Every structure is written in C-alpha cells, then in structure tokens.
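Residues are numbered in this note's numbering as their position in the sequence shown, beginning at 1, plus a constant of 3.
Hints listed in this document are in silico derivations from the structure and should not be mistaken for laboratory results.
These figures come from a predicted structure and were not determined experimentally.
Even for Gly, the Cβ is constructed at its ideal location relative to N, Cα and C.
Hints should not be assumed to be uniformly reliable.
As the list claims (entries may be wrong) - Distance ranges between label pairs, derived from CB positions:
id, residue 1, residue 2, range
1, S35, W108, 30 to 40 Å
2, G202, E95, 36 to 46 Å
3, R196, P91, 30 to 40 Å
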Amino acid sequence: MRSAALAAMGLVPVAIGGGHDLTFPFVRGVISHLRANKPPAVFEGVYVDAHLDVRETVGSGMPFRRLVEDCGASALDLFGFSPFVNSPAHREWFIAHGGRLHEGWPGAIPSARSPGAARFMSVDLDAIDAAYAPGVSAENPCGAMPGDVAALAESAGRSDNVVCFDIMELSPHHDHADRTARLAAHLFLSFLRGFAQRGGSA
Numbered sequence: 004m005r006s007a008a009l010a011a012m013g014l015v016p017v018a019i020g021g022g023h024d025l026t027f028p029f030v031r032g033v034i035s036h037l038r039a040n041k042p043p044a045v046f047e048g049v050y051v052d053a054h055l056d057v058r059e060t061v062g063s064g065m066p067f068r069r070l071v072e073d074c075g076a077s078a079l080d081l082f083g084f085s086p087f088v089n090s091p092a093h094r095e096w097f098i099a100h101g102g103r104l105h106e107g108w109p110g111a112i113p114s115a116r117s118p119g120a121a122r123f124m125s126v127d128l129d130a131i132d133a134a135y136a137p138g139v140s141a142e143n144p145c146g147a148m149p150g151d152v153a154a155l156a157e158s159a160g161r162s163d164n165v166v167c168f169d170i171m172e173l174s175p176h177h178d179h180a181d182r183t184a185r186l187a188a189h190l191f192l193s194f195l196r197g198f199a200q201r202g203g204s205a
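Given only the sequences and the hints, what does the whole structure look like? Please build it.
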C-alpha cells in the first residue's frame with residue numbers, strides 16, 4: 004500500500020487516477036497506517052460524485068461501500084449527487100450507513116460530525132459538467148461548475164483533519180484538447196493552495 008508508506012513519512016497522500024475503485028485501496032492504506040500508529044476514534048469521508056458508488060459488486064461503483072464495511076468509515080458527505088443515475092436501493096443503503104446528501108455548493112467542506120475524526124476527500128470528475136470535463140467514462144450533461152468543486156478542494160486542503168485527497172475518473176482517451184486534464188490539475192493545485200494555509204483558519 005503505497006499510500007500507507009507516504010502517510011508513514013508524515014505526508015498527506017494525493018492520488019490522480021482512473022476508475023473510482025482506486026479510491027478504496029488508496030484510502031484503505033492511509034487508514035491502516037493511522038490505525039496502527041495513532042488511531043483516531045472515527046474515520047469520515049467527503050466526496051464529489053454524481054454516483055453514490057456503494058454497489059455490492061467489485062468495480063468503479065463500489066469504493067465507498069467497501070470503505071464503510073471493510074474500513075469502518077462512519078459518515079459520508081456527498082456533493083453532486085444525481086438521482087437519475089442512482090438506484091433507490093443504493094440511496095437507502097447510503098443514508099442508513101451514515102450518508103448525507105448535500106444540495107448546493109457551500110464553498111467549504113462540512114464540519115466533521117465527530118470531534119477529532121480523520122477524513123478523506125475524493126473528487127470524481129464525472130460530477131462536473133461535461134462542457135468542462137468530457138474526459139470521463141460517464142459524461143455529466145448537467146453537472147457541477149468547476150469553481151464550486153475547486154472551492155471544496157481548497158477547503159479540504161486547509162482542513163487539518165483531511166488525511167488524503169484524490170481525483171478520479173480522468174480518462175485521457177475520452178478527453179478533448181486536454182480540457183479534463185487541465186481541470187484535474189487545477190483541482191490538484193486548489194487543494195495544494197489550501198494545504199499551504201494549514202495552521203490558519205480551516
């Protein structure tokens with residue numbers, strides 16, 4: 004688990020990848036390191052995605068179910084949810100297992116629901132409108148604006164309890180004029196801009 008090795012060096016791991024299933028091993032590595040060395044009481048997640056990604060079957064639609072069931076994540080906050088691409092059964096499972104759906108874009112990630120909780124944040128690029136992010140496996144015809152997602156990424160960077168950050172579903176094969184790749188780089192820089200402010204207001 005390379006993310007565990009990075010966390011062991013005192014770093015905050017960042018990943019940019021393909022399928023959203025990669026979030027599961029990435030976050031699991033960080034959680035395993037923290038539990039072995041300075042166990043926090045609670046792990047929570049914040050993610051941006053049109054999909055809940057709580058399927059039972061292995062694949063890009065399962066990472067957050069696995070993080071709840073296998074790694075003990077106790078709360079999930081989701082931005083960008085689309086009711087048109089999620090089943091009622093998955094929505095019910097999500098809510099029953101500590102999930103919270105957020106409407107609108109507040110400019111900052113919500114406060115942790117448990118004091119001292121370690122948190123991970125994940126951005127699925129298919130939550131962003133296809134006009135700005137065509138290079139994904141499932142284009143979003145009515146998605147989020149890039150500036151709103153960038154504000155959340157910067158807020159996550161500022162938050163001391165965010166222990167890792169990832170950007171997923173970047174598909175260069177489907178991209179046009181590198182628009183999605185440039186957006187992913189902007190989100191990464193937004194997180195770093197927030198990270199540079201740690202120690203100030205979070």
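Results of checking the hints against the structure:
| no. | hint | in the structure |
| --- | --- | --- |
| 1 | S35 with W108: 30 to 40 Å | holds, 32 Å |
| 2 | G202 with E95: 36 to 46 Å | holds, 40 Å |
| 3 | R196 with P91: 30 to 40 Å | holds, 39 Å |
Hint compliance for this structure: every hint is met.
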